[in-house]
Amino acid sequence: MLSNPLKTLTKKEWLLWLASLAAVIISNFATNDLDLLTLISALLGVTSLIFAAKGSVWAQFLMIVFCILYGIISFRFHYWGEMITYLGMTLPMAAWSAITWLQNPSEENENEVAIQTLNKKHIIGLIISTIIVTSIFYYILMWLDTPNIIFSTLSIVTSFVAASLTMLRSSYYAMGYAANDIVLIVLWVLASLENPAYIPVVVNFAIFLLNDMYGFVSWKKRELEHALIQ
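Read left to right, the sequence shown gives residues 11 to 240 (my numbering).
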């Protein structure tokens, strides 16, 4: 599980990864206000997503670093919901996901995490916990007078669902993150209307969306192959 994930990338995945990195770099350098922190976090985020598509635990290690950097970026714009979500929820859940992924390697390929099919217990638990977490965070966001509170709350919902599905090793984790990407694109478009320096962040999450969709297709393909073997 801890082997070099770059060695397992296919030509198509190398192309997707390098094209994503290039798009991130170009979009960030195209602005008059280059923010190094935004650039680094985006590069780490893209790399984490391509590794996640392969089921590599290194994706979770990179996600932990990404959460820290993104939390700082959100703090600077007073997006308290994003900061609290990524530092207080997504980061520890990524750490826990790393543990569960390490403990559950695939029987077919020990470099990949085993995919788990959700049962009724998982789904009910996820729904209940999502309602509780959303309610708590919504009042925290209100208390902090968070800008664009509706989209910030939606970001919390989608982030929690995505992180939970990642921890549960479900192929639908990528759909959760794709939904979160869409919310964040809207959130940072609103921010960039006030400060154009945040336009690269919008582009970054658009690229994340593309990679998350690939992750879903990749996991579903692997899930189908495993079912045929069984």
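Read the hints as simulated data drawn from the structure, not as lab findings. A virtual CB, placed ideally from N, CA and C, is assigned to each residue, including glycine. One or more hints might be untrue.
To be verified - Computed spacing ranges between beta-carbons, pair by pair:
hint : residue 1 : residue 2 : range
1    : Glu117    : Asn42     : 50 to 56 Å
2    : Ile138    : Asn114    : 35 to 41 Å
3    : Leu31     : Leu128    : 15 to 21 Å
4    : Ile78     : Asn205    : 19 to 25 Å
5    : His88     : Thr140    : 21 to 27 Å
6    : Asp43     : Asn129    : 21 to 27 Å
7    : Ser13     : Phe39     : 30 to 36 Å
8    : Glu118    : Phe39     : 38 to 44 Å
9    : Thr140    : Asn114    : 37 to 43 Å
10   : Trp106    : Leu200    : 27 to 33 Å
11   : Lys22     : Ile141    : 35 to 41 Å
12   : Met223    : Ile160    : 35 to 41 Å
What the hints assert, rightly or not - Under the rule of at most 25 Å between Cα atoms (straight-line distance), these lysine-lysine pairs were calculated in the BS3-like manner:
hint : residue 1 : residue 2
13   : Lys231    : Lys17
14   : Lys22     : Lys230
15   : Lys22     : Lys130
16   : Lys22     : Lys231
17   : Lys22     : Lys131
18   : Lys17     : Lys230
19   : Lys130    : Lys230
20   : Lys231    : Lys21
21   : Lys230    : Lys21
Open item on the list: Against the range 35 to 41 Å, how does the distance between the Cβ atoms of Met223 and Ile160 compare: consistent or not?
Closed with: Given about 25 Å between the Cβ atoms, the range is violated.
Open item on the list: Lys22 and Lys231 were given as a pair; does the straight-line alpha-carbon distance stay at or below 25 Å?
Closed with: Holds, because 15 Å separates the two Cα atoms, which is no more than 25 Å.
Open item on the list: Would the hint linking Lys22 and Lys130 be met if the CA-CA limit is 25 Å?
Closed with: Not satisfied, since the Cα-Cα distance of roughly 36 Å exceeds 25 Å.
TODO: Could you say whether the range 37 to 43 Å given as a hint is met by the Cβ separation of Thr140 and Asn114?
DONE: For Thr140 and Asn114 the Cβ distance comes to about 23 Å; the hint is violated.
Task: Status of the given 21 to 27 Å range, CB of Thr140 versus CB of His88 - done: holds (25 Å)
Task: Hint check for Leu200 and Trp106 - Cβ pair distance inside 27 to 33 Å - done: Because 31 Å falls inside the window, the suggested range holds.
Open item on the list: Range first: 30 to 36 Å. Now tell me if the beta carbons of Ser13 and Phe39 are that far apart.
Closed with: The hint (30 to 36 Å, Cβ to Cβ) holds, given that Ser13 and Phe39 are roughly 33 Å apart.
Task: Agreement of Lys230 and Lys21 with the hint, judged by alpha carbon distance not exceeding 25 Å - done: Holds, at roughly 19 Å.
Open item on the list: Tell me if the straight-line CA distance from Lys22 to Lys230 falls inside 25 Å.
Closed with: holds (17 Å)
Open item on the list: Quick check: does the Cβ-Cβ distance between Ile138 and Asn114 fall within 35 to 41 Å?
Closed with: The hint (35 to 41 Å, Cβ to Cβ) is violated, given that Ile138 and Asn114 are roughly 24 Å apart.
TODO: Indicate whether the distance between the beta carbons of Asp43 and Asn129 respects the range 21 to 27 Å.
DONE: violated (49 Å)
TODO: Take the C-alpha atoms of Lys22 and Lys131, compute the straight-line distance between them, and say whether it is at most 25 Å.
DONE: Since the Cα atoms of Lys22 and Lys131 sit roughly 37 Å apart, the hinted pair is violated (cutoff 25 Å).
Going down the numbered hints, you'll see the structure goes against 2, 3, 6, 9, 12, 15 and 17, while the others check out.
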